[in-house]
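Participant: Following the hints, put chain B with the ligands in place on chain A, whose structure we already have.
Protein sequences appear in the order of chains A and B. Its first residue numbered 1, the first sequence is counted upward by one per residue in the numbering used here. Its first residue numbered 1, the second sequence is counted upward by one per residue in the numbering used here.
Hints listed in this document are in silico derivations from the structure and should not be mistaken for laboratory results. Treat the hints with care, since some could be wrong.
Result set (SDA-like, lysine to any residue): computed pairs, CA atoms no more than 20 angstroms apart in a straight line [stated by the list, open to error]: (1) A/Lys-328 / A/Gly-294; (2) B/Lys-67 / B/Leu-44; (3) A/Lys-493 / B/Lys-67; (4) A/Lys-89 / A/Val-68; (5) A/Lys-44 / B/Gly-129; (6) B/Lys-67 / B/Gln-29; (7) A/Lys-511 / A/Gln-463; (8) A/Lys-431 / A/Val-329; (9) A/Lys-493 / B/Glu-118; (10) A/Lys-89 / A/Arg-115; (11) A/Lys-493 / B/Glu-52; (12) A/Lys-234 / A/Ile-221; (13) A/Lys-493 / B/Ser-34; (14) A/Lys-509 / A/Gln-463; (15) A/Lys-44 / A/Arg-396; (16) A/Lys-493 / B/Phe-43; (17) A/Lys-44 / B/Arg-132; (18) A/Lys-249 / A/Gln-264; (19) A/Lys-493 / B/Ile-7; (20) A/Lys-493 / B/Gln-30; (21) A/Lys-44 / B/Glu-118; (22) A/Lys-80 / A/Phe-357; (23) A/Lys-44 / A/Lys-206; (24) A/Lys-538 / A/Leu-466; (25) A/Lys-206 / A/Asp-417; (26) A/Lys-249 / A/Glu-235; (27) A/Lys-509 / A/Asn-465; (28) A/Lys-493 / B/Gly-129; (29) A/Lys-538 / B/Ala-42; (30) A/Lys-493 / B/Arg-132; (31) A/Lys-493 / B/Leu-44; (32) A/Lys-89 / A/Asp-417; (33) A/Lys-353 / A/Val-329; (34) A/Lys-354 / A/Arg-371; (35) A/Lys-577 / A/Val-519; (36) A/Lys-81 / A/Pro-504.
Residues from chain A shown here face chain B by an in silico Cβ test under 10 angstroms; the list is partial [claimed, not checked]: (37) His-36; (38) Asn-38; (39) Lys-44; (40) Asn-46.
Even for Gly, the Cβ is constructed at its ideal location relative to N, Cα and C.
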Amino acid sequence: MGEMRRGICPFCCLQDGLRVEGGEFALIFGENSLLHLNYESGDKINEGSLCSRGNSVIDLLDHPQRLVAPLLQAKQADWKKVKRVIASKLGEGTYIFLGPNLTLEEAWLAKEFSRSMGSGGVVHLAPEDGEAFRVLRWLGLIGGPGMEEVEGSDFILLVGDAFMEHPVISQRVLRAKYRERKNRLFVLDSVRTKPTWFADHHLQPKPGTEGFVLAGLAKAIYRSKPSYLAPLFKEIELEGVAEIAGLDKGEIEEVASQLASARQGMVILSNLWGRVGPVGLAALFGSLLASISGGRFLHLPVYQNGFGTWLILGEGPSGAQLLDELGKVKGLFVIGFDLFSSLPGGTEDGILKKLDFLWATAVLPNRTTERAELALPAASGLEKGGNLLYLDGALRRMEPVLPPPGVAKAEGEIFQDIAGEGKLPPPNEDKLREAVKGEPLPEREIVQRAQALWEEELSKAPQENLPFWLIPSAHPAHLGDGSITGHLGWARKICAEPSIELSPLAAEKLKLEAGAKAVVSSPAGKETFTVTINERLKEDQATGPAHFPQLRRLFPWEVGRTLGELSLRPQRVRITKAKGD
Amino acid sequence: MEEKRVILDLNYCIGCQSCAAACWQGHHQQSRLSHGEVSGLAFLPLNCRQCEEPACVNACPTDALEKGEDGIVRRRALLCVGCRSCVYACPFGVMEGELIQHLTPNCDLCQDRVSRGEEPRCVATCVSGALRFVSLSEVYGEDKGDLQVGARVISRSLLKRS
Ligand code: SF4
Ligand code: SF4
Ligand code: SF4
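Isolated chain A (complex conformation):
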């Protein structure tokens, strides 16, 4: 029998447990003779289940493209030299840009590192979740329900496509649905998706209006409690919401009353690249809806520890705001994520032109490391220890399965080494717990901010009237911007290139068949995709996996006024047949 280590899947917020086993020695290699993955049926979170991403984590450990040594101007360098370069340049006007793939300790050390090096500060970019994080922090909602509570619900309202974004949640949601005949699963999504197969009712609003519908649902059942919310709900009109969303007012009222009469209702929000529209609005009214109806609210962020790292940084300016004011920024040190694959249209060249230097750490090469003067090899999520913030607000401890390859290091260690021995002591768990604890803002302030957000979103100009809605979709083999999963074997086998999905009717009108090339243009850009046909789409809907920069570039750069985070929503686009196709 070989050795066994327990790990945690780094590929989404569910933090599913897994095992990595060392091989048994055998003369002929059998299926289990080399390093392999196994299922941790004893893990209370996932009971062994892993989605296709979870099944692929093992690829990270021995991936042939791993960054295993520092690269200075594309030439191999040693850590000593790297240290000198960083220490000589990091200072005023330079910023540390934190990715969502870090442990709480690492986020803490990033802050301390920035302080000790005198850099401008640490910022964070979470395109799909930043707005929601801010709102949840206003409300002091750090911990949501755990998996057992999901399973114990008798009414679940699923907002977005949680089944493709976080497949393992389906087990709990479906068990809740089937536990008793009267239990209900409702889905709020502009597109017919996998969860809608199972739904007892599908609320299908216009693309990007999910947040408004949640506001309408909350309004429909808000009577007078809690009283501090009265001024907010006074501003919201059910008729107006129904019109924005293209739904019947009676349907909204009926759904709301069913949720209100549930014994244990739950609202689950899952968002990908603005798929549900302004996600701050959806998080605000999703959580208010849950609390008014006596239920629970569960937000499923894209990344494993996105909320945790965000909370450790505290409420400073966002990465999006920083990029908006690039004039002041001299250099960026990007930690553990692919900045350039994550951004909406037309930003990459602008950023590069304004910077004196760009450095990046990463597990696998990506668009950012390719453009960086300094690319540093980092440890993958299976190769480092530390704490993560779990969905229920508790800390979850992770142990490394293997040491990182070559001279790669966990980012926390990189900070400690550069700062110098003993300069950055790691925080203990009490300090971390304190740092991620959430106190709600005073009630008056919550209402003021919520009103400002509502007014801002209501006033957003309608988009140019192009014929199609481009709605970002999730592919279960990919995570976030796809910069890591795009290297994994299974994802390459089943989703190597972005495609655009059209309804059969739209495809026929455009004279496009499956496999043909289509040009998709939005005010932000123009890209060519291969067409696939999706019978579940409406005629004016087009969807495409948001895990590819080609798709992300079609979305405009916009930073919200009230929340100061990247603001994304489905886009109006034109689709034509590609020339020569």
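Facilitator: Coordinates of chain B with the ligands only, in the frame set by chain A:
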């Protein structure tokens, strides 16, 4: 030990292909589990039934496929010429059409794992609980007439109700 089979509960499957990913990952990048689109609406794994009278075994011109005493259909890799006769013969379309190293892979119910007391990969990983590894008596009712899944009984005959 009683024979066991992998069954799919349609009430749960979300069509995420995690089962196929697990099979692929565990078998040197060869998935023995394909997925099929059902009327453009559902997308489901097509698990090998390990049929009582397997059409694939009958179709194989080189006798590479055989049904063992444990009921499992196995391929003897050295005899397989990759002619795809089994792929075409299978009434359920479970054999993947893709030819890998001249061998069309087929499901052996993960005997390497089952012999150690573990569940097959696709079952262990299934995100929704749709795939289960159950004994034949749990699959068929006493009289082998009714298909049972958990507490539900799905009758094979439309006119019969248990
Ligand atoms: S749902 Fe998939 S990506 Fe998320 S933690 Fe589980 S196995 Fe990993
Ligand atoms: S893993 Fe389970 S839910 Fe997903 S496709 Fe396979 S059987 Fe269906
Ligand atoms: S039982 Fe094993 S070999 Fe058969 S489909 Fe499932 S994972 Fe593949």
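Participant: Are the hints correct? Go through all of them and say.
Facilitator: Status of each hint after checking the structure:
no.: 1; hint: A/Lys-328 / A/Gly-294; in the structure: 47 angstroms, violated
no.: 2; hint: B/Lys-67 / B/Leu-44; in the structure: 25 angstroms, violated
no.: 3; hint: A/Lys-493 / B/Lys-67; in the structure: 31 angstroms, violated
no.: 4; hint: A/Lys-89 / A/Val-68; in the structure: 24 angstroms, violated
no.: 5; hint: A/Lys-44 / B/Gly-129; in the structure: 15 angstroms, holds
no.: 6; hint: B/Lys-67 / B/Gln-29; in the structure: 24 angstroms, violated
no.: 7; hint: A/Lys-511 / A/Gln-463; in the structure: 26 angstroms, violated
no.: 8; hint: A/Lys-431 / A/Val-329; in the structure: 31 angstroms, violated
no.: 9; hint: A/Lys-493 / B/Glu-118; in the structure: 27 angstroms, violated
no.: 10; hint: A/Lys-89 / A/Arg-115; in the structure: 14 angstroms, holds
no.: 11; hint: A/Lys-493 / B/Glu-52; in the structure: 33 angstroms, violated
no.: 12; hint: A/Lys-234 / A/Ile-221; in the structure: 13 angstroms, holds
no.: 13; hint: A/Lys-493 / B/Ser-34; in the structure: 13 angstroms, holds
no.: 14; hint: A/Lys-509 / A/Gln-463; in the structure: 23 angstroms, violated
no.: 15; hint: A/Lys-44 / A/Arg-396; in the structure: 12 angstroms, holds
no.: 16; hint: A/Lys-493 / B/Phe-43; in the structure: 17 angstroms, holds
no.: 17; hint: A/Lys-44 / B/Arg-132; in the structure: 19 angstroms, holds
no.: 18; hint: A/Lys-249 / A/Gln-264; in the structure: 24 angstroms, violated
no.: 19; hint: A/Lys-493 / B/Ile-7; in the structure: 26 angstroms, violated
no.: 20; hint: A/Lys-493 / B/Gln-30; in the structure: 11 angstroms, holds
no.: 21; hint: A/Lys-44 / B/Glu-118; in the structure: 18 angstroms, holds
no.: 22; hint: A/Lys-80 / A/Phe-357; in the structure: 19 angstroms, holds
no.: 23; hint: A/Lys-44 / A/Lys-206; in the structure: 38 angstroms, violated
no.: 24; hint: A/Lys-538 / A/Leu-466; in the structure: 15 angstroms, holds
no.: 25; hint: A/Lys-206 / A/Asp-417; in the structure: 51 angstroms, violated
no.: 26; hint: A/Lys-249 / A/Glu-235; in the structure: 17 angstroms, holds
no.: 27; hint: A/Lys-509 / A/Asn-465; in the structure: 18 angstroms, holds
no.: 28; hint: A/Lys-493 / B/Gly-129; in the structure: 24 angstroms, violated
no.: 29; hint: A/Lys-538 / B/Ala-42; in the structure: 17 angstroms, holds
no.: 30; hint: A/Lys-493 / B/Arg-132; in the structure: 26 angstroms, violated
no.: 31; hint: A/Lys-493 / B/Leu-44; in the structure: 18 angstroms, holds
no.: 32; hint: A/Lys-89 / A/Asp-417; in the structure: 16 angstroms, holds
no.: 33; hint: A/Lys-353 / A/Val-329; in the structure: 11 angstroms, holds
no.: 34; hint: A/Lys-354 / A/Arg-371; in the structure: 13 angstroms, holds
no.: 35; hint: A/Lys-577 / A/Val-519; in the structure: 6 angstroms, holds
no.: 36; hint: A/Lys-81 / A/Pro-504; in the structure: 58 angstroms, violated
no.: 37; hint: His-36; in the structure: 7 angstroms, holds
no.: 38; hint: Asn-38; in the structure: 8 angstroms, holds
no.: 39; hint: Lys-44; in the structure: 15 angstroms, violated
no.: 40; hint: Asn-46; in the structure: 8 angstroms, holds
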